[in-house]
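Using the hints provided, position chain B relative to the given structure of chain A.
Chains as they are written, first to last, in this note's numbering: chain A, 161 to 273; chain B, 249 to 357.
Worth flagging that the hints you see were computed from the coordinates, not collected in a lab. Bear in mind that the values here come from a model prediction, so they are computed numbers and not experimental data. What you were told as hints is all true, and nothing was included just to trick you.
Straight-line alpha carbon distances no greater than 25 Å define the calculated DSS-like cross-link-like pairs of lysine-lysine that follow:
#	chain 1	residue 1	chain 2	residue 2
1	B	K293	A	K217
2	A	K217	A	K243
3	A	K169	B	K290
4	A	K217	A	K230
5	A	K231	A	K169
6	A	K243	B	K250
7	A	K231	A	K217
8	B	K290	B	K327
9	A	K169	A	K243
10	B	K250	A	K217
11	B	K293	B	K250
12	A	K231	B	K293
13	A	K169	B	K293
Calculated Cβ distances over 10 Å to all of chain A for the following chain B residues:
#	residue
14	S301
15	F308
16	R314
17	S320
18	D325
Over 12 Å on every C-beta distance to chain A, these chain B residues come out as not near it, computed from the model:
#	residue
19	V261
20	G306
21	T309
22	S331
We put the beta carbon where it would ideally sit given N, CA and C, even for glycine.
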Amino acid sequence: DGGITQSPKYLFRKEGQNVTLSCEQNLNHDAMYWYRQDPGQGLRLIYYSQIVNDFQKGDIAEGYSVSREKKESFPLTVTSAQKNPTAFYLCASSPISMGTEAFFGQGTRLTVV
Amino acid sequence: RKEVEQDPGPFNVPEGATVAFNCTYSNSASQSFFWYRQDCRKEPKLLMSVYSSGNEDGRFTAQLNRASQYISLLIRDSKLSDSATYLCVVSGSARQLTFGSGTQLTVLP
Chain A
161 DGGITQSPKY LFRKEGQNVT LSCEQNLNHD AMYWYRQDPG QGLRLIYYSQ
211 IVNDFQKGDI AEGYSVSREK KESFPLTVTS AQKNPTAFYL CASSPISMGT
261 EAFFGQGTRL TVV
Chain B
249 RKEVEQDPGP FNVPEGATVA FNCTYSNSAS QSFFWYRQDC RKEPKLLMSV
299 YSSGNEDGRF TAQLNRASQY ISLLIRDSKL SDSATYLCVV SGSARQLTFG
349 SGTQLTVLP
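Same shape as in the complex, but just chain A:
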């Protein structure tokens, strides 16, 4: 079945550690996105990529890094520079053409302990 997979579902991190969240899609979509959602809040864009080996910062990129070495994969690293990383992280993908929906993974809940 085609879809978008995020792992892990739950992640605990100690302060000062970097962690990497995985996002893989087999929908052959060109565009991929990372969003952060805080309790009771909407989605805020961290990074997005429209093509392999290229990505752009979103609204809240500080403290995060990404790579897009393969079309299918768009991992997000939460670095120690991100001061408040506890949140729900959502990865999405969409075809590059306009007027198309985005498909989301099930999300990763990151908690700093």
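Chain B alone, transformed into the frame defined by chain A:
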């Protein structure tokens, strides 16, 4: 001003009621518009796209007013299962999706 703004909610309505949500967007070059539904602690899922002529899907009707830069969602005959957060989504010329902060709906028995 936020790029996409929604009614703050929450909306608490009885079963069978009709409820409407509005959303405004600031970028007049926006090309595509959607309503997503998000259940508690789950990922958002597409509810419906919004077309210039307006469109209907069962109990749900979406409208787009480009001149006033707003989008609406009407839910008729509300069901308990409609309880969720409804997200307004706009796609601009850069093809990135911008989400509103969402409107929470609770349908009461």
